[in-house]
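*Asks:* Here's the letter readout for the chains.
2 protein chains.
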Amino acid sequence: MRSAVQNAVLALLLEVAGTPKPGNVDRHRDHPDLRFEQFLAGAVGAWPGLDRLAGDGPLGEGFERAVAGMADQRGGNTQFGALLLLAPLVRAAGRGDLSPAGASRAVEATTVEDAVSFYRAFDHVDVAVGDPPEEIDDLDVRRGSDATPALRERGLSLADVMALSAEVDGVAAEWVGGFERTFEAASWLLDDEGAVGDRASRVFLRLLADEVDTFVAETAGRSAAEEATRRARAVLDGEERGEDLAEEFVERGINPGTTADLTAGALFVALERGLEV
Amino acid sequence: MRSAVQNAVLALLLEVAGTPKPGNVDRHRDHPDLRFEQFLAGAVGAWPGLDRLAGDGPLGEGFERAVAGMADQRGGNTQFGALLLLAPLVRAAGRGDLSPAGASRAVEATTVEDAVSFYRAFDHVDVAVGDPPEEIDDLDVRRGSDATPALRERGLSLADVMALSAEVDGVAAEWVGGFERTFEAASWLLDDEGAVGDRASRVFLRLLADEVDTFVAETAGRSAAEEATRRARAVLDGEERGEDLAEEFVERGINPGTTADLTAGALFVALERGLEV
Numbered sequence: 001m002r003s004a005v006q007n008a009v010l011a012l013l014l015e016v017a018g019t020p021k022p023g024n025v026d027r028h029r030d031h032p033d034l035r036f037e038q039f040l041a042g043a044v045g046a047w048p049g050l051d052r053l054a055g056d057g058p059l060g061e062g063f064e065r066a067v068a069g070m071a072d073q074r075g076g077n078t079q080f081g082a083l084l085l086l087a088p089l090v091r092a093a094g095r096g097d098l099s100p101a102g103a104s105r106a107v108e109a110t111t112v113e114d115a116v117s118f119y120r121a122f123d124h125v126d127v128a129v130g131d132p133p134e135e136i137d138d139l140d141v142r143r144g145s146d147a148t149p150a151l152r153e154r155g156l157s158l159a160d161v162m163a164l165s166a167e168v169d170g171v172a173a174e175w176v177g178g179f180e181r182t183f184e185a186a187s188w189l190l191d192d193e194g195a196v197g198d199r200a201s202r203v204f205l206r207l208l209a210d211e212v213d214t215f216v217a218e219t220a221g222r223s224a225a226e227e228a229t230r231r232a233r234a235v236l237d238g239e240e241r242g243e244d245l246a247e248e249f250v251e252r253g254i255n256p257g258t259t260a261d262l263t264a265g266a267l268f269v270a271l272e273r274g275l276e277v
Numbered sequence: 278m279r280s281a282v283q284n285a286v287l288a289l290l291l292e293v294a295g296t297p298k299p300g301n302v303d304r305h306r307d308h309p310d311l312r313f314e315q316f317l318a319g320a321v322g323a324w325p326g327l328d329r330l331a332g333d334g335p336l337g338e339g340f341e342r343a344v345a346g347m348a349d350q351r352g353g354n355t356q357f358g359a360l361l362l363l364a365p366l367v368r369a370a371g372r373g374d375l376s377p378a379g380a381s382r383a384v385e386a387t388t389v390e391d392a393v394s395f396y397r398a399f400d401h402v403d404v405a406v407g408d409p410p411e412e413i414d415d416l417d418v419r420r421g422s423d424a425t426p427a428l429r430e431r432g433l434s435l436a437d438v439m440a441l442s443a444e445v446d447g448v449a450a451e452w453v454g455g456f457e458r459t460f461e462a463a464s465w466l467l468d469d470e471g472a473v474g475d476r477a478s479r480v481f482l483r484l485l486a487d488e489v490d491t492f493v494a495e496t497a498g499r500s501a502a503e504e505a506t507r508r509a510r511a512v513l514d515g516e517e518r519g520e521d522l523a524e525e526f527v528e529r530g531i532n533p534g535t536t537a538d539l540t541a542g543a544l545f546v547a548l549e550r551g552l553e554v
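Protein chains in written order, with the numbering used here: chain A, 1 to 277; chain B, 278 to 554.
Any given hint might turn out to be false.
[As the list claims (entries may be wrong)] The following label-pair restraints were derived from C-beta to C-beta distances:
#: 1; chain 1: A; residue 1: V127; chain 2: B; residue 2: G551; range: 24 to 30 Å
#: 2; chain 1: A; residue 1: G178; chain 2: B; residue 2: G454; range: 42 to 48 Å
#: 3; chain 1: A; residue 1: A166; chain 2: B; residue 2: D310; range: 24 to 30 Å
#: 4; chain 1: A; residue 1: G178; chain 2: B; residue 2: G334; range: 50 to 56 Å
#: 5; chain 1: B; residue 1: D310; chain 2: A; residue 2: G178; range: 36 to 42 Å
#: 6; chain 1: A; residue 1: R142; chain 2: B; residue 2: D374; range: 42 to 48 Å
#: 7; chain 1: A; residue 1: R105; chain 2: B; residue 2: E385; range: 50 to 56 Å
Quick caveat, the hints were computed from the structure, so don't treat them as lab data.
Built from N, CA and C at the ideal position, the CB exists for glycine as well.
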C-alpha cells in the first residue's frame, strides 16, 4: 500500500511517461534542452518536500523544498506547476481529507509566510511566466525572494497570491476553484480502461480539448493555444493521429504544460482512490 | 543533494528508462505482461524498504520490505534482482562506506535471520529461478518462508545462501566477489559522455558483451545466453543495430535480466559518486 507521498511521486512519473502527450516530454520524446531522465530525477528529488507537504509543517516550506529537490538536475524546471497543484492535494491526503473541500481547506489555511516560501521557490529554478499587470509589478514571481517585503506589506497569503493569477494560470485557477478539473479528470482516469500510461495520454487530450492551456497561451500566444485545443479534439475524434501531433508540437515548441500539471494532479487523486498500475 | 535512498530509487528508474537494452523493458518497449509503468510503480514502492536498508535495521528485513513494496503493482516481478544487488550497496552508502570493501562488509555482517527474510521475500512475488542441486532441494528459494527450518538447521547466513548460487546467478556472484563488475561498470558510466539514458544503454551492452547473462541462461538456455553476449558485442562493434536487436530479443523472450540488475547497481554507485542527470 503506497503512502500519499509515494503516490505523489508516482503521479509525477506516470504523467511524464504517458504518451502521446502532444507538445510535452513523454516516454517517447525529449525536448532539445530537457530530457525524460531529468523528469525522473526531478520527481525523485521532490520527495523530501512532498513528505513535508503530507505532514504538518508550513505548506509553503514543503513546496519550496520540493521545488529545490526537483531542480537538482541539469534540465532546469521539470514539474514546477505539477508540484504547485499537488501541494494542497498532498496536504489534504496526509490528513485523510482528500476531496475538493479538503484541498480547499488546505488552500484557505495558507499564510503570508507560505506566500513568501512560494516566491522563494522561484530562486531555485527558472519558470516561464508572463508579465504581471503593472499595478502588481512588485509581486512578479520572477522577483523570487526579493518580493518578500511586498508580500508582507500587502499581507497576502499564498491563497491570495493564487487568486491574483487565477485568470491567466490554470493551476492557480484550480487552487481558487476547488480543484474541479483535477477531480473530474481523476474520475476519467478511474472510469477508463487499459494501461495507465494510455489513460494518462487520453486524460491529457481531454483536458486540452476542453480548455485552452494557459502555459501555451503565455509562451506561444493565444492563437497557438486555441489551435492546441482544437487539434487535441481532432485527435480524440480520430481525425488526426496523436503521435503526429506530438512530433509537430515538440518541433514547434507548443508545450501544454498546464494540461500536464492537471494530468499529474488527476493521477495523484486517482492513485489515492485506487487506480491500479 | 539526493540521499542514498533517493539515488537508489533513481537508479532503478534510470535503469528501466535506458534504451535500447535488448530484451528488456525499457523506455521504448514493454513486455506482453509487464509494462514500463509497472517498473515506475515498483521503484517507488521499494522506497520504504530501501530506506530501512540505508538505516540500521536487519538487512534482510529491509530487502523483504523493498520487494513487497515493489510487488505492489499488477505486473509482478519488476526489479527483484536489482534490489538484491542494491541491498548491500545501499547499506554501505548509508554508513558512508560505499566501496567494494564496504559493500562486502555489509555482506559479511548478514545473519541467518537475514537469510530467512530473503526467503520470505519470495512469498511476495514470483521470480524465475532454476532448480537447485538435489542435495539442497530444501533450500529452493521458491519454497519461500517454508525454507525457514532448513535455513535455521543449517545455520546459513544470507551471505552463505548467496555463495551457494554464485556459480549460476550473476547477482549472487557480485555479493560473493566484492561487487567487482558493479563498481567497474559504475566507472564506465562516469567516464562516458552524453545523456544518462544513453550511458545506461551502453553500459548494459558492455556488461552483456563481457559475460553471459545468467538469467538468460536459466530461462532461455545456455546457447541463447551465448548468442546474447555475441550479439551485444556486435552492436558495440557497429555490426548490428541495437534497436533491431531489442525488437528481436523482446519478441523471442530473451531477457538479460541479470545484466539489467548490474546496470541498476552501477547506476546507483555512479550517482553516489557524482554522476549528473
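*Asks:* Now tell me, hint by hint, if it's right for this structure.
*Replies:* Verification of the hints:
Against the hinted window of 24 to 30 Å, the Cβ-Cβ separation of A/V127 and B/G551 comes to about 27 Å, which satisfies the hint. Judged by the Cβ atoms, the range 42 to 48 Å given for A/G178 and B/G454 is violated: they are separated by roughly 59 Å. About 45 Å separates the C-beta atoms of A/A166 and B/D310, a value inconsistent with the hinted range of 24 to 30 Å. Between A/G178 and B/G334 the beta carbon distance is about 43 Å. The supplied range of 50 to 56 Å is therefore violated.
Between B/D310 and A/G178 the Cβ separation comes to about 40 Å, which falls inside the hinted range of 36 to 42 Å. Between A/R142 and B/D374 the beta carbons are some 44 Å apart, a value that agrees with the proposed interval 42 to 48 Å. For A/R105 and B/E385, the hinted distance range of 50 to 56 Å is satisfied, since their beta carbons lie about 52 Å from each other.
Checked against the numbered hints given earlier, this structure breaks hints 2, 3, 4; the rest are met.
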